[in-house]
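Chemist: Single-letter residue listing:
Protein chains: 2
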Amino acid sequence: MTAIAGIDPRTGDALPPVVTATATADVAALATAAAAAAPKFGALSPVQRATILDDCADAIEAHRGELIDIASRETGFGEAKLNGELNRAAYQFRFFAEVVREGSYLEATIDPAAATPMGPRPDLRRILIPIGPVAVFGASNFPFAFSVLGGDTASALSAGNPVIVKAHDSHPGTSKQSYDILAGVLENSAAPKDCLGIVYGLSAGAALVAQPAIKAVGFTGSLTGGKALLSIINDRDEPIPFYGELSSLNPVVITPAAAEERGAQIGAELVASFTVGSGQLCTKPGFVLIPAGAAGDAVLTAAAASLQDATGHLLLNPGIFNSYVTAAEALAQRGDGTVISAPTAQAGGFAVTPVLFETRLNELDPAIIHEVFGPLTIAVRYDAQDLLSCAATMFDALPASLTATLHTGADEDHQTLTALTALSAGHAGRIIFNGYPTGVAVSWAQTHGGPWPSTNSLHTSVGATAIRRFLRPVTFQDAPQAVLPPELRDGEVSIPRRIDGRMRTGTE
Amino acid sequence: MTAIAGIDPRTGDALPPVVTATATADVAALATAAAAAAPKFGALSPVQRATILDDCADAIEAHRGELIDIASRETGFGEAKLNGELNRAAYQFRFFAEVVREGSYLEATIDPAAATPMGPRPDLRRILIPIGPVAVFGASNFPFAFSVLGGDTASALSAGNPVIVKAHDSHPGTSKQSYDILAGVLENSAAPKDCLGIVYGLSAGAALVAQPAIKAVGFTGSLTGGKALLSIINDRDEPIPFYGELSSLNPVVITPAAAEERGAQIGAELVASFTVGSGQLCTKPGFVLIPAGAAGDAVLTAAAASLQDATGHLLLNPGIFNSYVTAAEALAQRGDGTVISAPTAQAGGFAVTPVLFETRLNELDPAIIHEVFGPLTIAVRYDAQDLLSCAATMFDALPASLTATLHTGADEDHQTLTALTALSAGHAGRIIFNGYPTGVAVSWAQTHGGPWPSTNSLHTSVGATAIRRFLRPVTFQDAPQAVLPPELRDGEVSIPRRIDGRMRTGTE
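So the protein lines, in turn, are chains R and V.
Per our numbering, residue 54 is the first one in the first sequence, and the count goes up by one each step.
Per our numbering, residue 54 is the first one in the second sequence, and the count goes up by one each step.
Extracted from the complex, chain R is given alone in its bound form (with noise of 0.2 Å):
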């Protein structure tokens, strides 16, 4: 059996092997016992299952020291960025907990037979239940709020489902930990046995997706993972959801007026936002467009004194430390940018130093246009008197992206404002106003998600609608009370439903 060990950041040396990689066999097994426990998870109460979910938030918050400890040395994240994360991922099992108990994720719908312009209409009672078994593909650069412990396993859960996740390399020790600490809150839970199960290794991934009993997959990751994962997907008899958050370059636009009015502040904290988490993060802002002239200068002269403090950046495995060198070091030698820098990096681990392209729009060359995980950014300069097509021509040149983000002026033109919101709303999936696209607020509306290649979805795998990709409708025609779920029977309940096409809220 290959072990699998993680890699200090800090000494780029292996830490001790913790976990062995899951054999194909074992693989199926774990989907076969999940597609088993399926029909008796799903048929838990929402009670039962919100009070599974708020279980495991107390549990991720019981075991914080341990948890911090271990991810800690396998990622190299400092205290402040993991205790963050843990309250994110305990938050979110609880937020989750309160979506299944408000009820409405149900989209519980009743019909009462009635006469139509095409004739009789039977009794028609909708409800969405769960599809079955999930597998979730932890994140490298969360190793609580995007892995075991994460979005996808809270809202699959949440809605009834299975869940298998797939640890990532980067941290099977945390992978393992989270594992064991969900794992034990199921078993002293209401839960059917085999709810939850882990598998290690890349080849057991690809096995696990390719699982006839697997119903959908939740991937935070690479373009290139994802793509993979896809064409397994594409191979299976049963065509599946994959639902994939894939790559992002995150466009900020600044306004002439914002420049003028406020661009060293922007300039500071485009920079803490380009590195927080060492800008391991998908809604790092990848490409900002700055005026040229002095206004815009500002911005960059500030940007530029707040990188002399933006140190101590660390990456978290060997393959992304080397792509991130390769593209600094591609840009130090391009002839059509500048580089601004922070103070160079001491060297051991995967220690790297922040850098800033500074570059010109009508220049922008399409091969610096792709993702680079790191905290790396590029500032193009455009003509301040050309805002809305300049806008338009860095839009379209680049990928669709999970944000947008545009900083204007207090007393911005109307039609100015329309028209750079319109072009973000057809980019992005979230439109960021005089603020920063890092932060992903877990809430009723947010949305983490976008057009291709930033997603490969049409919803959001942050928030409460990301219960929606693990659900799918029935509709019961003409049904006894009794066979009816709680939710569709006659009478008052406590969950919003719509009845005879008119929304109603429960008795709350």
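It is worth saying that the hints were derived from the structure and are not from the lab.
Please note: incorrect hints may appear among the correct ones.
One copy or two, it doesn't matter: identical chains are merged, so the pair holds either way.
[Stated by the list, open to error] In silico EDC-like cross-links for lysine to aspartate or glutamate, where the CA-CA straight-line distance does not exceed 20 Å:
no. : residue 1 : residue 2
1   : Lys93     : Asp449
2   : Lys280    : Asp290
3   : Lys280    : Glu151
4   : Lys280    : Glu291
5   : Lys229    : Asp108
6   : Lys93     : Asp439
7   : Lys134    : Glu119
8   : Lys246    : Asp464
9   : Lys229    : Asp362
10  : Lys134    : Glu382
11  : Lys229    : Glu114
12  : Lys93     : Glu313
13  : Lys134    : Asp543
Using the hints, position chain V against chain R.
Modeler: Same frame as chain R, but now just chain V:
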């Protein structure tokens, strides 16, 4: 240019050609033009869009005579079926106008800025927006309601997307006429030009799905056809959702008590259900579990009697006709069952003889488990002492379906009912109690969908929520009121919204 002509099912002779196959370059031009029109069409107000939908309904009804005339010639369907289908198509447009006006489909959600355990949350406002041009593949068996004038067209337009229809080769003239009617409405509306297109011929359909400008595909047709389109989608640079409604056997379970209480009635009604539309319905009951013994015999005796009146059935085209004849002849030659036939069809055109094949569950041969389009069903006798395990055996032997139907006794045991319902929900998207799967009401609570291979979607293709297939979420973070969609602004609006986690029904 290759002329495309329908065939008269009454004679098997080609009709005069009315259209020519669309060249690939023309397909590309239509898709590009639709993409250019998309933002303007998507920006129409809900009232403007609803008006267009209502006008489509009016126009369809205004052209009833000529539409039915040409559809009758091309499909062989009788006037009653075609009139009903036209009513359905018009109703569907009006229903989606109501859905658009009601506004829930936007899923408008406002999370005001607040402190959370994750830290401060910005103001987040979420809404669904159109995805862009949609390709719609017309079905052979519904020249109106699942073709140019059908639910995919209506729901994609309702969502605010341009539509390009691939006309089905079985009714090119009906398709052209339908297109002309809708195009006329759009021309005299607030919509920009190029919001509706049509292409003819198999290779134009393939080229359409490959167009980068196309953002989703709606398809109602065979599993083979669906798989061919999926494989084109899998070869695209940008994966797009494929909403295929593909294949369905629609099992029916008749409990011993139901057979005892109303066996003869069920037998007669079953024949009506599997022969309506000459059995060319995706919801045709294809496998019927009937108890062995006298009560079950009564079902078949009544069915055999009803079959004596089941004459005059025409199939749509040579492909469907040949498949049907081959399947019916293969059943007649088997040693493990009995064929009960209607009177032999008059020769000529695509006239066929309805067939009921009776076999036993413990001898059910996987070779006969496949969809046969046309008036044919398979009665599977089972041991009345062992209802639940026999039903489980049959459901497991069949691929998943759009529907499952349960005929039960007035005092059926609660546990039996519950177990049969759970079994059905695991294998289908609609469960019919003491009725028949044919006939799919257009309503809020409808589900016309189910697990693979019945569809390739976690959505319905009929009813209000079909619109969700063609929308994606966008979230506005800290946006100025003026650039928000009206539905997301502060203050009262008339549509249901979720504000700070709580559903509000709007001022109406």
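Chemist: Are the hints correct? Go through all of them and say.
Modeler: Comparing the hints with the structure gives:
{"no.": "1", "hint": "Lys93 x Asp449", "result": "between (49 Å within a copy, 18 Å between copies)"}
{"no.": "2", "hint": "Lys280 x Asp290", "result": "both (18 Å within a copy, 10 Å between copies)"}
{"no.": "3", "hint": "Lys280 x Glu151", "result": "neither (34 Å within a copy, 40 Å between copies)"}
{"no.": "4", "hint": "Lys280 x Glu291", "result": "both (18 Å within a copy, 10 Å between copies)"}
{"no.": "5", "hint": "Lys229 x Asp108", "result": "within (18 Å within a copy, 60 Å between copies)"}
{"no.": "6", "hint": "Lys93 x Asp439", "result": "neither (61 Å within a copy, 23 Å between copies)"}
{"no.": "7", "hint": "Lys134 x Glu119", "result": "within (15 Å within a copy, 69 Å between copies)"}
{"no.": "8", "hint": "Lys246 x Asp464", "result": "neither (59 Å within a copy, 35 Å between copies)"}
{"no.": "9", "hint": "Lys229 x Asp362", "result": "neither (36 Å within a copy, 67 Å between copies)"}
{"no.": "10", "hint": "Lys134 x Glu382", "result": "neither (28 Å within a copy, 70 Å between copies)"}
{"no.": "11", "hint": "Lys229 x Glu114", "result": "within (16 Å within a copy, 64 Å between copies)"}
{"no.": "12", "hint": "Lys93 x Glu313", "result": "neither (61 Å within a copy, 33 Å between copies)"}
{"no.": "13", "hint": "Lys134 x Asp543", "result": "neither (49 Å within a copy, 34 Å between copies)"}
When the structure is compared with the earlier hints, violations turn up for hints 3, 6, 8, 9, 10, 12, 13 and for no others.
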